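Novice: Here is how the chains run, residue by residue.
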Amino acid sequence: MRIIETKNLVKVYTGSTVEVRAVDSVDLVIEQGEFTAIVGPSGSGKTTLLNMVGGLDQPTSGEIIVDNVDITQLNQKQLVDFRLKNIGFVFQSYNLIPVLTAAENVSFIMELQGRVKSEIDTRTKEILSDVGLGDRLTSRPFQLSGGQQQRVAVARAMASRPKFIIADEPTANLDSKTTEKLLDMMLELNEKENITFLFSTHDQRVVNKARRVIVLEDGRIVSDERK
Amino acid sequence: MKLKLAWKNLWRNRRRTLITVASVFFALFFSIVMNGYMDGMWGQMIANTLKTQSGHIEIHGTDWWDDKTVDNFMTMDSLAIQELRSLSNVENVSPRIETFALASFGNVSKGVALVAVSPSQENAKSKLSSRVIEGKYLAESDNGVLIGAGLAKYLKVSVGDTLAFIGQGYQGSSAAGLFPVHGILQLAITEMDNSLVYATLPAIQTFIDMPDGYSGILITLKDDRSLDETMETINSTLHSKDYEVMNWHFTMKRLLQTAESDKAFSKFVLFILYVIVGFGILGTVIMLTNERKREFRMLVSLGMQRGRLVATLCLELLIMSLLSVVSGIAIALPLVFYFHSHPIQITGEMAEMFNDLGMEAVIPFSVEPKIFVTQVVIVIILTAIAAIYPIRKIKILKLTEQ
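Sequence lines, in order, name chains A and B. Whatever position you read off the first sequence (first residue = 1), add 771 for the numbering used here. Whatever position you read off the second sequence (first residue = 1), add 2 for the numbering used here.
Simulated from the structure, these hints should not be mistaken for laboratory data. These numbers were taken from a predicted model, which means no experiment stands behind them. There could be a bad hint or two in this list.
[As the list claims (entries may be wrong)] Pairs of lysine to aspartate or glutamate, EDC-like flavour, derived with a Cα cap of 20 angstroms:
(1) B:K395 with B:D230
(2) B:K155 with B:D214
(3) B:K4 with A:E875
(4) B:K4 with A:D852
(5) A:K848 with A:E875
(6) B:K397 with A:D828
(7) B:K4 with A:E882
(8) A:K998 with A:E875
(9) B:K6 with A:E802
(10) A:K848 with B:E297
(11) B:K243 with B:E370
(12) B:K397 with A:D852
(13) B:K395 with A:D892
(14) B:K295 with A:D828
(15) B:K400 with A:D852
(16) B:K10 with A:E882
(17) B:K6 with A:D892
(18) A:K963 with A:E805
(19) B:K10 with A:D828
(20) B:K400 with A:D828
(21) B:K397 with B:D230
(22) A:K948 with A:E964
(23) B:K6 with A:E875
(24) B:K53 with B:E297
(25) B:K4 with A:D906
[To be verified] Computed beta-carbon distance windows for the label pairs:
(26) B:M3 with A:Y784: 31 to 41 angstroms
(27) B:R310 with A:N779: 43 to 53 angstroms
(28) B:F28 with A:H973: 48 to 58 angstroms
(29) B:I278 with A:N779: 27 to 37 angstroms
(30) B:W13 with A:D955: 46 to 56 angstroms
All C-beta atoms, glycine included, are put in the ideal place defined by N, C-alpha and C.
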């Protein structure tokens, strides 16, 4: 089942003298449950592509179909709502809310979705246990290591069972051992909950774990390989 | 969740929040105390003046206010005056005559201000009898006069002497009469002490040849807040074009303006204070907004509507304001109420002057609800203005900016 499809996707940044085609005529299909890494050198358009697929940025032209909805046609409010219900995000620098505990950070999205408290509590405990932080429910971000914080971020992204998760350089700030652990954990969750993962990364360790690797150069897909 | 997040965010930078809350608290506290004092002081001053020298409402003949001559005096029979006294909000009705005459004794003459009153009514209103330092107070049908000590000295008269008065009577007649001095008054204002003569109404009505004639009728109310309603009732009771009914806002315009200009200065000081506090709040808001830009981006990216984010932030600012307001009022309220029930006692020469004028030498603080409500509204408005900054920032927030 196609979960993401882009058709002739273009993003052009216009400066005062130069025009940069950050994403250039990208046609991409992501099936449900895929664990895909988008790789490429800096400036190749990885983040721009993910931002557009995640509804954070508007393309210059082309279509982005997510679960049969062309998200380029949605207005700002609809996009926010669409992201809330369908997409999970994992950021490079964790981006947890510092004043909330690990459990509150995870339950936050579900509360925004208006889920009932009992369901939120159960799911929060379940997903934090799945990422190995069942005993750190009440810890605040500053009390957790970088790896633990990123695991909370993954738990947050997965908690509401989104259609897919976008992870922009999720391991960039982590050491090798923590990266390995995090990737194994994400693979496990991918298999257990059949949630689609889409990464942008420079990290060869992520590429090695990915089941599909898409290479971007100058905004174009130059290679798309399934393992 | 909004409330929880707002509350937790508020204490993210505890010291900054406390400093902001403290600055608003002190401004609010100072404003309430200062307004309580100023309003109380002027309220007392105006109430005293209305009680002793004027009234909340004055009734005159139609043209008297512009041309204060005997020919413009009004007439009113005792039944009509009794009807005014029976109105529900009326405390005191004091008919009077204010005119001028030439007073002579022996070879000395002086122009005097002649005030004719009902001695009992006047005493009830201004405690005039307490200012008699020699002789006795007037009885209702007395033909004698009370004169200021300064005037007595000038004319070289003492109690028991008889003064000759020459003045203008009604409709161009000349008025002349002899009035024995029944008492000498000590009046606080030198000008009045040197020129004022009190007499009874019948004596002066006979002197000017105008039975039932008055220069005006002063009315004191039980409750000043119903001034307009009582004015309307009086107008409909009188139902005549021969009378002009004025309230003290008009007749005591100068006193009111003095009070307003004095209050305006304190308001200006408070305005400056609030401007400083306003910039303090704005500084805090700008800092917290810029610190959290990345977090705002993340929240909207994850699916929090901008409106909801704005509401959370506004809630945080509102809690901060309410903390200041509640603590400010909690401290100021008992203080103001204490000085309302235990007014500041004026001492020294000022106290003597107050007593001579028949006024109580105290300054009670005002506890009018508007004093508190106004300060709360000002703080809320300042916070609302400061909130424009983050609201705008969130509105134009770009999610893909690094």
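Novice: Would you mind marking each hint as holding or not holding in the structure?
Specialist: Hints versus structure:
| no. | hint | in the structure |
| --- | --- | --- |
| 1 | B:K395 with B:D230 | violated (49 angstroms) |
| 2 | B:K155 with B:D214 | violated (33 angstroms) |
| 3 | B:K4 with A:E875 | holds (12 angstroms) |
| 4 | B:K4 with A:D852 | holds (17 angstroms) |
| 5 | A:K848 with A:E875 | violated (24 angstroms) |
| 6 | B:K397 with A:D828 | holds (16 angstroms) |
| 7 | B:K4 with A:E882 | holds (10 angstroms) |
| 8 | A:K998 with A:E875 | violated (37 angstroms) |
| 9 | B:K6 with A:E802 | violated (39 angstroms) |
| 10 | A:K848 with B:E297 | holds (18 angstroms) |
| 11 | B:K243 with B:E370 | violated (37 angstroms) |
| 12 | B:K397 with A:D852 | holds (16 angstroms) |
| 13 | B:K395 with A:D892 | violated (33 angstroms) |
| 14 | B:K295 with A:D828 | holds (17 angstroms) |
| 15 | B:K400 with A:D852 | holds (17 angstroms) |
| 16 | B:K10 with A:E882 | holds (17 angstroms) |
| 17 | B:K6 with A:D892 | holds (16 angstroms) |
| 18 | A:K963 with A:E805 | holds (13 angstroms) |
| 19 | B:K10 with A:D828 | violated (31 angstroms) |
| 20 | B:K400 with A:D828 | holds (9 angstroms) |
| 21 | B:K397 with B:D230 | violated (49 angstroms) |
| 22 | A:K948 with A:E964 | violated (24 angstroms) |
| 23 | B:K6 with A:E875 | holds (10 angstroms) |
| 24 | B:K53 with B:E297 | violated (64 angstroms) |
| 25 | B:K4 with A:D906 | violated (26 angstroms) |
| 26 | B:M3 with A:Y784: 31 to 41 angstroms | holds (37 angstroms) |
| 27 | B:R310 with A:N779: 43 to 53 angstroms | violated (35 angstroms) |
| 28 | B:F28 with A:H973: 48 to 58 angstroms | holds (54 angstroms) |
| 29 | B:I278 with A:N779: 27 to 37 angstroms | violated (58 angstroms) |
| 30 | B:W13 with A:D955: 46 to 56 angstroms | violated (37 angstroms) |
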